[in-house]
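**Student:** Spelled out, the chains give:
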Amino acid sequence: MTSAIWMFLLFVAATLGITIWAAKRNTGANAFFAAGRSITGWQNGLAVAGDYMSAASFLGISGMIAFYGYDGFMYSVGWLVAYLTVLLIVAEPLRNAGKYTMADLLAYRLSPRPVRAMASLSTITVSTFYMVAQMIGAGTLVKLLLADTGVSTETAIIGVGVLMVVYVVFGGMLATTWVQIIKAILLMTGTIFLSVLVLRHFDYSFAKFFDAITHLTYTDVKTNSEVTRNFLEPGMKFGAAVTNGWGPLDLISLGLALVFGTAGLPHILVRFYTVPDAKTARVSVVWAMVIIGAFYILTTFLGFGAATILKPHNIPLDNMAAPQLALALGGDLFFAFISAVAFATILAVVAGLTISASTSFAHDFYTNVIHHGNPKTPGEEVRVARISAFVVGALSIFLAIKLQAANVAFLVGLAFAVAASANLPVIVLSIFWKRFSTFGAVLGLGVGLLSSIVLIILSPSIMGIDAVDVPAAKRHLIQMKAIFPLNNPGILSIPLGFLAAIIGSLLKREPDAEAKFAELTVRAHTGLGSEKASSH
Amino acid sequence: MRRLSSLCAMSQEKNDSPASPPDWSGLAAKPAFQALLKRKSRFIVAASVFFIVYYFALPVLVGWFPDLMKKEIVGKVNIAYLFALSQFFMAWAVAFVYVKKAAQWDKAAEAVLEK
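Quick note, the sequences are listed as chains R and C, same order.
My numbering applies: residue 682 is where the first sequence begins, and numbers increase by one.
My numbering applies: residue 277 is where the second sequence begins, and numbers increase by one.
One thing to keep in mind: the hints can contain errors.
Ranges of calculated distance between the beta carbons of each label pair, as one might list FRET restraints [stated by the list, open to error]:
| no. | chain 1 | residue 1 | chain 2 | residue 2 | range |
| --- | --- | --- | --- | --- | --- |
| 1 | R | P1166 | C | V325 | 25 to 33 Å |
| 2 | C | V325 | R | R706 | 42 to 50 Å |
| 3 | C | K314 | R | A1087 | 47 to 55 Å |
| 4 | R | F1113 | C | A305 | 53 to 61 Å |
| 5 | R | F1079 | C | V325 | 40 to 48 Å |
| 6 | C | F372 | R | D1193 | 35 to 43 Å |
| 7 | C | L344 | R | P1166 | 20 to 28 Å |
| 8 | C | V350 | R | K1213 | 31 to 39 Å |
| 9 | C | F372 | R | A1153 | 46 to 54 Å |
| 10 | C | V336 | R | I701 | 46 to 54 Å |
| 11 | R | N905 | C | F372 | 47 to 55 Å |
| 12 | C | V329 | R | V923 | 21 to 29 Å |
| 13 | R | G1060 | C | G302 | 35 to 43 Å |
| 14 | C | D343 | R | L1158 | 31 to 39 Å |
With a Cα cut of at most 30 Å, we get these calculated BS3-like pairs of lysine-lysine [what the hints assert, rightly or not]:
| no. | chain 1 | residue 1 | chain 2 | residue 2 |
| --- | --- | --- | --- | --- |
| 15 | R | K1115 | C | K383 |
| 16 | R | K960 | C | K306 |
| 17 | C | K346 | R | K1213 |
| 18 | R | K1057 | R | K780 |
Since the hints were made in silico from the structure, they are not lab data.
Source: prediction; values computed, not measured.
Note that the Cβ used here is the ideal one computed from N, Cα and C, for glycine as well.
Go ahead and model the full structure; you've got the sequences and the hints to work with.
**Tutor:** Below, the structure written as structure tokens:
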């Protein structure tokens, strides 16, 4: 097990080296917030993939397939398809019209202060929810993977928190980018290698592999009897029979949050400001789609491999399916490598979240809301961003340690729901609808944010009555019967977000914003006047 | 391309001194730009409708027509898995077509700015 720690320390040493290198090149706001807009297409593609593929994907989906077969794989699909929204609708106009944040696009023709204040609130909310989920994941991982090394959950959470703050404060966007690139390469290497080992187990025969999946005999832990199931048949998790009839609708609601939420995730959107122009942003989405798609297809081998080779009853916890498979097929050293990859995965994602939250606070809230767009001294914006990275880091460490024993599996879903219901509607309407007004944007952001949070609180994710012997990590936070039947609020909160934004715009017209629509359109579609790469 | 970037650089400088910004509404009113916008939005709307319908067909079919989806067609592999797998290739194909189209739009946008 100690080899896992050595491999992880090697990753930490390499990334700190990158941070020192990046710190020397960090001169000015453009360098700190947008890596000098000097990242190339393939580099940004890898970084987007590294920013996006979280431990929930790597460990969570493998586990879901290992336990629920096909339904787990169906869950994989939406994560790639979501990038079509990013590619077709958001990436290029955002790069052409903005500077550092999502709010730049909105503030282009709307009244900057109210819009930026709301967008900043939504950005920081999404990032914090997502970050706390990731950090608790890191703590849980340590408990599972490094149980005999004496590293405690708290140490892991604090370690992850301190490292992400160091990357961001000293290395800015450049260091964050390279941490994400290295992580993407490590994750893909580990996944491809593990997939090949699974295929080798079946003598490189797909027929044998699928035979094993479709006739899987194992012990059902609930009834303690031997069963044979076809794991390629849908219905084990989302089927109407196992979910009181709500499963299929819940899955559609989740799909909506993925397909519309990804293009509203602040930490993904800021990545498109790091490239020289919209064309490169487009190329980078395509690179990201190749890598992300390949990864999610390979979850077939990780998940079904764990189901067939380990058998579900031998996997103690769903998050352990992939590491245990690595141990069974590749031995201690490969297990150590996969464990280190899981940590690298978490670090790269939280670094991306930290920089997007602190950029939004410094650029949107501090500079533009409080100081009307004129920072008092040059360099102040970067200084405020560094301080807010510290605050964001400390707050997330605190929340993660406080909530580590609670059932917080809903946090990632909530982040996607807010991104889809609050952020995406205002981004799309701002680019495509002339009548869109400040009041519409504020109402859309507010209703999208609030309805996602309220519906999650009323859902079976948080409300439910548990038996007395259910452990804390699985207990519902509110011991009452759920009021809203779906775990995922998207199907209701996304239309609400759009409706609020449209109704708000119709109620309060804004001639100034309408007059600037021509300018935004020309800029978004031709790149005229867009932010240029800083020369060095 | 060089002319485009020098044009952009010029407009960038002009942006800093608000005395003479680019003629945004003049550019927006150009027939060539309007034609580009029309072509672009027609494709984006069509492609988005296609991928959204294709994607949500998966949970709809799996949720309400499970028996159809359980039919095995390639060896032991059923329609459900093949349809889920096809989603990845669908996404890549749409992205490929978009990139081809966008290269044409880039040229058209350059032409709008040059004249």
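**Student:** Each hint: holds or not?
**Tutor:** Structure-based check of all given hints:
{"no.": "1", "hint": "R:P1166 - C:V325: 25 to 33 Å", "verdict": "29 Å, holds"}
{"no.": "2", "hint": "C:V325 - R:R706: 42 to 50 Å", "verdict": "44 Å, holds"}
{"no.": "3", "hint": "C:K314 - R:A1087: 47 to 55 Å", "verdict": "52 Å, holds"}
{"no.": "4", "hint": "R:F1113 - C:A305: 53 to 61 Å", "verdict": "18 Å, violated"}
{"no.": "5", "hint": "R:F1079 - C:V325: 40 to 48 Å", "verdict": "45 Å, holds"}
{"no.": "6", "hint": "C:F372 - R:D1193: 35 to 43 Å", "verdict": "40 Å, holds"}
{"no.": "7", "hint": "C:L344 - R:P1166: 20 to 28 Å", "verdict": "26 Å, holds"}
{"no.": "8", "hint": "C:V350 - R:K1213: 31 to 39 Å", "verdict": "51 Å, violated"}
{"no.": "9", "hint": "C:F372 - R:A1153: 46 to 54 Å", "verdict": "48 Å, holds"}
{"no.": "10", "hint": "C:V336 - R:I701: 46 to 54 Å", "verdict": "52 Å, holds"}
{"no.": "11", "hint": "R:N905 - C:F372: 47 to 55 Å", "verdict": "51 Å, holds"}
{"no.": "12", "hint": "C:V329 - R:V923: 21 to 29 Å", "verdict": "27 Å, holds"}
{"no.": "13", "hint": "R:G1060 - C:G302: 35 to 43 Å", "verdict": "38 Å, holds"}
{"no.": "14", "hint": "C:D343 - R:L1158: 31 to 39 Å", "verdict": "38 Å, holds"}
{"no.": "15", "hint": "R:K1115 - C:K383", "verdict": "25 Å, holds"}
{"no.": "16", "hint": "R:K960 - C:K306", "verdict": "23 Å, holds"}
{"no.": "17", "hint": "C:K346 - R:K1213", "verdict": "53 Å, violated"}
{"no.": "18", "hint": "R:K1057 - R:K780", "verdict": "19 Å, holds"}
The earlier numbered hints that this structure contradicts are 4, 8 and 17.
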